[in-house]
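Below, each chain spelled out in residue letters.
2 protein chains.
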Amino acid sequence: MFARIDHIGVAVEDLDAAIALYERDLGLALVHRETVDSQGVEAVLLDVGSNHVELLSPLGADTPVGKFLARNGPGLHHVAYQTTDVEQTLAALKAAGARLIDEQPRVGIRGSRVAFLHPAWSGGVLTEIVQPAKEH
Amino acid sequence: MFARIDHIGVAVEDLDAAIALYERDLGLALVHRETVDSQGVEAVLLDVGSNHVELLSPLGADTPVGKFLARNGPGLHHVAYQTTDVEQTLAALKAAGARLIDEQPRVGIRGSRVAFLHPAWSGGVLTEIVQPAKEH
Chain A
1 MFARIDHIGV
11 AVEDLDAAIA
21 LYERDLGLAL
31 VHRETVDSQG
41 VEAVLLDVGS
51 NHVELLSPLG
61 ADTPVGKFLA
71 RNGPGLHHVA
81 YQTTDVEQTL
91 AALKAAGARL
101 IDEQPRVGIR
111 GSRVAFLHPA
121 WSGGVLTEIV
131 QPAKEH
Chain B
1 MFARIDHIGV
11 AVEDLDAAIA
21 LYERDLGLAL
31 VHRETVDSQG
41 VEAVLLDVGS
51 NHVELLSPLG
61 ADTPVGKFLA
71 RNGPGLHHVA
81 YQTTDVEQTL
91 AALKAAGARL
101 IDEQPRVGIR
111 GSRVAFLHPA
121 WSGGVLTEIV
131 QPAKEH
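Taken in sequence, the protein lines are chains A and B.
1 is the number of the first residue of the first sequence in the UniProt record's numbering; add one for each residue after it.
1 is the number of the first residue of the second sequence in the UniProt record's numbering; add one for each residue after it.
This list has only true hints and no planted wrong ones.
When chains are identical, the list treats them as one kind, so a pair holds in a single copy or across two.
Cut-off 25 Å, straight-line C-alpha distance, at most; resulting in silico cross-link-like pairs (DMTMM-like, lysine to aspartate or glutamate):
hint, residue 1, residue 2
1, LYS94, ASP14
2, LYS134, ASP85
3, LYS67, ASP16
4, LYS94, ASP16
5, LYS134, GLU87
6, LYS94, GLU23
7, LYS94, ASP47
Everything labelled a hint here was simulated from the structure, so no lab data went into it.
In isolation and in its complexed conformation, chain A is listed as follows (with noise of 0.2 Å):
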């Protein structure tokens, strides 16, 4: 079903900061920065070989990683597993009982098509499953 771990997403409260330990510190390779409006947040992804990790910094305190911010301070936000097909994987885990947040995909980071599951049903893990674009 899954190809790999596609990216782990991690809230911050200070983007630049957070690029800079990544960055510099960890040895990543900053490729992408994009505000996702639809998601409520300017989002950075950094290659780990072909996985990535994916930066969250909310554009206001009301968007869910606002939210979660203030729920939780900064940290593991959710994960996000690799498909070739989005549609048919989502069939897939909906025919298992899969309790959705995304009824049907929508556009994600980099022209990738994303869909969340819900936490409560995938045992408290923010669960995302992304076909990314051509490209990618």
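With chain A fixed as given, assemble chain B onto it according to the hints.
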């Protein structure tokens, strides 16, 4: 510095239920199960391509994962990055000013050698570096 995300660690309250979720519903292959006394957990590894999900069930309430569960409930616990030389990586991180939980590598699951960085240094993310045993 890192070849890939080695695994994400997930704290679970019910190991059998979590295995059913990841194996049956999410389609991951269970590849290893081990009691890691030094970390106070019964742990299970499932493959996602070259990456893994590590399910962590505490051996008691007074263990790090037991305390994590009491404080946060089940969910994402840590992320581990893979290196080919854990000593060298640990030395580089120390030189970069990293706050370490483990000053020296110790034996982790499946014969790996691991060290944890303090989440207060790494943006609230409990971060592990891991050098797998040669056969993995």
